[in-house]
Every structure is written in C-alpha cells, then in structure tokens.
Amino acid sequence: MPVPHFLEVSNLEITASINMPGDIPKKITLVDNISFKLKRGEVIGLIGESGAGKSTIGLAALGYARSGCAISGGSIKINGTDILQLPTKARNKMRGTQVAYVAQSAAAAFNPAHRISDQVIEEAVVHRLMSKTEALAYADDLYEKLGLPDPKNFGRRYPHQVSGGQLQRAMTVMALCAKPDLIIFDEPTTALDVTTQIEVLATIKNAIKDTGVAALYITHDLAVVAQVSDYIMVLRHGKMVEFGSTDQIINHAQQQYTQELVSIRAMEKEEQAAPDSRPLLQVSHIDAAYDGLNKVLEDVTLHLHAGQTLSIVGESGSGKSTLARVITGLLPPLQGSIVFNGIELSAGLKNRDLEQLRELQMIYQMADVAMNPRHTIGQIIGRPIEFYHGTKGAQKRRETIELLDQIELGEQYIDRYPAELSGGQKQRVCIARALAAKPSLIICDEVTSALDPLVADGILQLLMDLQKEHNYAYLFITHDLATVKAISDSIAVMYQGSLVRFGQKSKVLSPPFDDYTQMLLSSVPEMELGWLERILASRTMQSADN
Amino acid sequence: MKFTDSLAKLVSNLSWAARVGLFSLSVFALAALFAPIVSPYDPHEIVGDVWEPLSANFLLGTDQLGRDLLSRLIYGARNTFFIAGAATLLSFFMGTFIGFLAAVSGGKTDQLLSRVNDLMMAIPTLIFALVVLSVLPANMIVLILVMGILDSTRVFRLSRAVAVDIVVMDFVESARLRGEKTLWIIFREILPNALSPLFAEFGLRFAFAVLFLSTLSFLGLGIQPPDADWGSMVKENKDGIVFGIPAALIPAAAIAILTISINLVVDSILSRTSSLKGGR
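Chains as they are written, first to last, in the numbering used here: chain A, 1 to 546; chain X, 1 to 280.
Mixed in with the good hints, there may be bad ones.
20 Å max Cα-Cα, derived PhoX-like pairs, lysine-lysine [claimed, not checked]: (1) A:K27 <-> A:K239; (2) A:K350 <-> X:K108; (3) X:K181 <-> A:K350; (4) A:K93 <-> A:K132; (5) X:K181 <-> A:K392; (6) A:K179 <-> A:K77; (7) A:K179 <-> A:K145; (8) A:K438 <-> A:K485; (9) A:K152 <-> A:K132.
Quick partial rundown of chain X residues pointing at chain A, CB under 8 Å, derived from the structure [as the list claims (entries may be wrong)]: (10) M169; (11) F171; (12) E173; (13) S174; (14) R176; (15) R178; (16) G179; (17) L183; (18) E189; (19) P192.
Bear in mind the hints are in silico, worked out from the structure with no lab data behind them. The structure presented is a predicted model; accordingly, all values stated were derived computationally and were not measured. Every residue, glycine too, gets a C-beta built ideally from N, C-alpha and C.
With the hints as constraints, model all of the structure from the sequences given.
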C-alpha cells in the first residue's frame, strides 16, 4: 500500500489587496497555482528571491495568511482534511500540535522576559498533550539530542543568555516539543554566521531524520537547501519555475532561471599582483574601542594599493565594520596610524580637509537608510558633485545623468524618490553617489548582503567594471566568502578584533591554513549533494585525531 | 489654474471628518479676515439691553453691557487667531531649531540645552506665565513672546526625540562623512523627515495656544478690555450663568468647535502622511 501524503497543497492561490489612500484598491496575486505533496519524513525546499512567495506559502500551510492577504483559491489538506474548511478553533488546535513553525529570527521570536523552557513547552502544555513535568523532561531530552550545551540547565536560561545559533536550535526544539507531523522552517539559518549555520543545519537535518516529520524548508540559498531537502521547488514572482528532486535541480536544471541560480558564483576576478610602489592606504597597528576600555580592534595592520580590491572577511562581531569606521574617521582609534596617499590622516573626522573626505567614499549595507527618503535621486547624486566640485545648474544635471548611465539606470530616474526603486537599484544609486565625488578609495560595507543573489551579482559586476575603467580601490567588507573569491586581489581575515590572516588572495586561500581560516572556509555551503555530511565527518575525524 | 486643481486634489484626498473641520476653520478664518464687513455692529458699541436673548436683531444675543455678542465674537476671533497663531509659530521655529541642534550636536551641547529645557518645564506653565505677565507691560507682543517661549519647551522635547531617531540613520552619517555643516544636516537631512510628526504637533499646539490664551484672558492677563478674545468673553459673561443666561457658553462653544476642527484636519493629514507608502 502506498504511504499516504501527509500534506497536499493543490492549486493554491493567495491574493493581497493594496489599499493606498487616494488610489483605487487593487488586488495582486502573490502566489499563483502552486501544488505539491509531502510524505512523512520528506523535506521539500522552497527557494526563490525575496518576493517570490516562499514565506507566504509556508504560512499558508499553517492555514494562515498575513493581514491584508487572503487564501483565495485551492486547498491545503493535512492528513486528508482540508484545513481551509476547518473552523478557527480547530485550526488553532492543529497549529503547534500537527504543524509547527520555525521563524527566521529566533531572537525576535522568543519573549525576552520568560525562560527558554517555559516558551518551548508552552504549545504542548496549552493543548494538553503533556503535563508540565512531562513536557519539561521531553524538552531536556531534545536539548541533549540537538547538542545544546548543559541540556539539564539550558532551558532555565533566558533568551539573551544563549548565543544566536543556540537560540535558533532552541526554536527547533520548541517546534518539535509538541510532536508535530510537519515543521515549516522559514529561513532558519539566514541570520547566522557560516560557522554557526553549519551546526544549526546539521541539527535540523538530524532532528528531521530522528523524528520522521515532514518539513518545508524555505530559503534563498540554494546551497543550503541542497543539504537538507529531498525535493526542491524553485519559485519566482509567486509562480513555480521548476520542481524536482534535489539531484535533478542541482545537477540537471532544466529552466534557465534555475541554471542561473545554480551557477551564480562562477564569477571570479583575476588577481592582480601587488605593485612595489607605495600603497594607497596603509593602516598600521590600530587599536580601537567604543567605550575607551574594551578593545574592539587590536593591532590591525594592513594596506591596499590603488586600483585593487581588499576584502575584509569575518563573522559578525569580528570588528570589520569598526575598522571601516576608524578609517573614515567616525571612530578615532586609541592608537595607530592611517596613511592615505602618503599623508597621515588625522584621527577625527572634523580635522580632515575636504579633499581627504572626497577621496574616501563609503557605500552602506542598507541602501534604504543610506539615502534620505525625501530627496530625489537627482538631489542625492547631485549633492556631492556640487559640494566637492562646485558644479551647478545644467552642468550638474548633465554629470548626474552621466552617472545614472554609468550605473545602468538612465535619465528617467533623476526625479524619482528612493522609495520608488527596487533594492538593487537603490544600491546602484548609492554607488553613483560615491562615484560623484570622484574618489580613489571606496569602502563597501556589506553592500550585497541585503540583496538577492542575482541582483547582488549584478552589483558586483558593476563595481568590477567601474574599477577597470576608473581605477578605484575598494575596501570590501563582507561575511560572504563567495563574494570574496569573486572580487578580491588581497584578503584580510578577522576574528574577534584581530587580524588572523592577510595577504594576496591566492596565498590566503591556499593551505597551510590556520585553524580559524580553515573552519571558516570549510563552513561555506557548496552546491553539492552530501557536502554537509562530508564536512561533518571530516571535522569529527579531526577532533578524534586531536 | 494649477493651484485650484492641486487644492481640489488635496481636498478630495481628505476624509469627511477633515472636510467638516476644514469647512468650519475656513468659516472662522474668513469671518475674522472680513470682520468689518460681516459683523452686524461695532463690537464696542452698546446697542441693546444687558443680556438680551437670541433674536433676529441680535443673532447671538447681547453681552453683560448690551454689546452685540456676534460682532464681538467675530472681532475676538481676530485676536484669538493672530495671537495663538503667532505664538505657535514662534514656539515651533525656536523649539524645532534648538531641538534639532541638540540632537545633531549631541554630547555637552545636548546636555546643556536639554537640562535648561527641563528646568523651564519644571515650572508650571500657567504660573510661570502669570508671574511674567504681571511684571511685564500687558501688550500683544509680550503676550506672544511669553506664550511662544513657554510653549517651545514642549516642541523642543518632541523635535529632539524625533531628530535623535533620524540622526543615527546612515544617510545622516553619509552627509557627515561628506563634510556637510550642521545647518545643512538640520535643514536638508533631518527637517524633511521630521515634518509629519511636527505638523501634527503644530495643530495640537495651536489648539493648546487658543486654550492657553483663553485661560490668560479669563484670568485678566490676556487681551485687555474693551478688546475681546473668546476667553475674555467667557469671563465677562460668566456671571450670567447664575441667572440662566447662556451668553458665556457661546464663546466657550466657539473655542470648543475651533479646537475640534483643528484636530480633525490634523488627524486626517497625519494619517495620510504617516502611512507607509502613500505619503511623502
């Protein structure tokens, strides 16, 4: 007898009504004609860019639509019952007991005022599946199974007392605690560092295997989903692009869009050798602290030549953004010197002259907040032209349009506001603003991390083209090693405020490695089946050796 | 006729409540503006008996001396609007500028300005105003200055709080990195983004200024007789209430309608500009 499907979604359609004041309300379709089936013990990965409808589908499997959205067609059957037909009370009971949800940000999903265990067992206790003591014992069991430290006492801590990765695992425990049959993972590792991500991924994979639940795994990272799922569904603009087994999608993608996603990180820059001349930027023995006491940076020394790219890699908290703040003068260092173009820059922003400020521009991670929402694109790009070069009127407008052409947007954007642009376009405008100053060094602080992979690729390509043409030097801060490989000439690896490794790209990325670089490099998910197992196995062997 | 077009568009975007508020505001404003034309009598002339009831001759009756109440109300609106408006504008120019300056400068400047402001706020406004006004000569300029400066402490609080949130945004940091001066940051980067809450507060502050002026006049420190504003009219006629004469309630009702109308308009505009995507 064939195993019955636990979850059956057919012809799902979700619409939202947009009700802008002064406009006629209109309906848009977020999810269009999506169907899939899922057995116990199977995992389907939903993958797509932001706005593809992944999370909306995930929430729909709970019978839930965000406010303003409505499930307008199709059916969602769990164990044979269509949950859309159920009365609210029965649906509420189903949530948590049969279907559970793991959100992207565990830090935001846990109530900081309650102990972890109280929140983990809430579902099971509220629905009277277990008594409180039973539930606590079961939770302790799960902590141990998922490899959380000191499982007996882990649940008595408050959310802020454990790390981000641990909290994400605690959330998986929360989902498992009521023994559901289906778990929806909504980008559970996206907010984590790569070295933490690998632990959480392994945990999730084991939990699915041990408990035999069905799972929907939502992510934008194809390499991650390849590690955990049996099937992959590629979504775009609410429609299904391709569906198949993980092997089919990764190794034999049919659709062009899927192929683009798979091959996305093929770009790689030819490394330029360091010239013997004086470097453009020489940072020597920098110590920095925000409160004057606890050093965030310790003895950082590195240099960058004109026209080259230096990538600074590290996990969150490694001090890479702080280094950028020190170089720009926003945070005067405790000691050390910054020599730019042969002249030592004064530590504070106020004492630098206009020419020094102009030579050194910065591009931010979040393009949304890096532009004044009430200035037009023309004003945003035009200001540095006027400010540094004194160009006004028609000439300023001409130069602004020239810059818009360079960033591949064109004249028609000049009178628009940032809110009318997409994420990638906004970042392009920020690049144009930096270019408008005609700098020689541009600091890029995680400029692609908030963007979808294909869009991010376009931005990187643009930056590389501009570098070739105008010989800009980039100081590129990122946590993404694939980006680093794609664009750098030299690399600096940072860990807890100090420089672990610095040199030409080929040297930094080839053995012998120090322990940290080794771990960092091996933690980046690769688009390959069985990568997770291979890495975990090699790590256990290493620790056995030691 | 581009102006009328855009005006028509603005009105069509407003809710019904806001249209009602806007209508009554314009009636008040027009009446005040064209007071000599629309008022049936001279406001200082005694034209009838004391406290005559409403009639065709005296639409709202007469006051405690026999002057026409409607005419006094119309001329009183001039005083009320002008003094409350000027005081509110003054408090906004002062309050927002100093508030933004405190937020942008930070550190010691911020501490100094904020603590002086706290000191001012620690003294109850009404008592402060009573003391100052009883010492200074009672004229309109002094009245506006006192009301404006006392009120600017509230505006300072709000504008500083709004600006502190904006100052930490990347676009302000980016302007600083560019080397922009403090004034540019205040007027170009912060002000455009702080307008919605400030505008809402302006409406409320104007309403409070009307009430505050009425209070001062009621206590005899505001507009001096024989001129009138709505607050002093309440005071002059208050004795009639004991005899069942509604003359005091009419200017009181006018104050209430004005205050409510302002709030209706402000609420509507605020909900429009603060909505996530609709406003700019």
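Against the structure, the hints come out as follows:
Pair hint K27 (chain A) plus K239 (chain A) holds up; C-alpha atoms about 16 Å apart against a cutoff of 20 Å. Under the criterion of a C-alpha separation no larger than 20 Å, the hint pairing K350 (chain A) with K108 (chain X) is consistent with the structure, at around 17 Å. Between K181 (chain X) and K350 (chain A) the CA atoms are separated by roughly 10 Å; this keeps the pair inside 20 Å, and the hint holds. At roughly 18 Å between alpha-carbon atoms, K93 (chain A) and K132 (chain A) fall within 20 Å of each other, so this suggested pair holds.
Taken as a hint, the K181 (chain X) and K392 (chain A) pair is honoured in the structure, with Cα atoms around 19 Å apart against an allowance of 20 Å. For a cut-off of 20 Å, the pair hint linking K179 (chain A) to K77 (chain A) stands: about 19 Å separates their Cα positions. Under the criterion of a C-alpha separation no larger than 20 Å, the hint pairing K179 (chain A) with K145 (chain A) is consistent with the structure, at around 14 Å. A C-alpha spacing of about 26 Å is found between K438 (chain A) and K485 (chain A), which places the hinted pair above 20 Å, so the restraint is violated.
Taking the CA atoms of K152 (chain A) and K132 (chain A), the gap is about 16 Å. The hint holds against a cut of 20 Å. This hint holds: M169 (chain X) has a C-beta 5 Å from the nearest C-beta of chain A, less than the 8 Å allowed. Interface hint status for F171 (chain X): upheld, as the beta-carbon distance to the closest one in chain A is roughly 5 Å, under 8 Å. At its closest, the beta carbon of E173 (chain X) sits 7 Å from a beta carbon of chain A; the interface hint therefore holds under the 8 Å criterion.
With a least beta-carbon distance of about 6 Å to chain A, the hint placing S174 (chain X) at the interface is held under the 8 Å criterion. Because the smallest distance between the Cβ of R176 (chain X) and any Cβ of chain A comes to about 7 Å, under 8 Å, the interface hint for this residue holds. Because the smallest distance between the Cβ of R178 (chain X) and any Cβ of chain A comes to about 6 Å, under 8 Å, the interface hint for this residue holds. Hint on G179 (chain X) holds. Least Cβ distance to chain A is approximately 4 Å, under the 8 Å limit.
Proximity of L183 (chain X) to chain A is violated relative to the hint, the smallest CB-CB distance being about 14 Å (cut-off 8 Å). Evaluation of the E189 (chain X) hint against chain A yields a held restraint, the C-beta minimum of about 6 Å falling below 8 Å. With 8 Å as the threshold, the beta carbon of P192 (chain X) comes within range of chain A, its nearest partner Cβ sitting at about 4 Å, so the hint holds.
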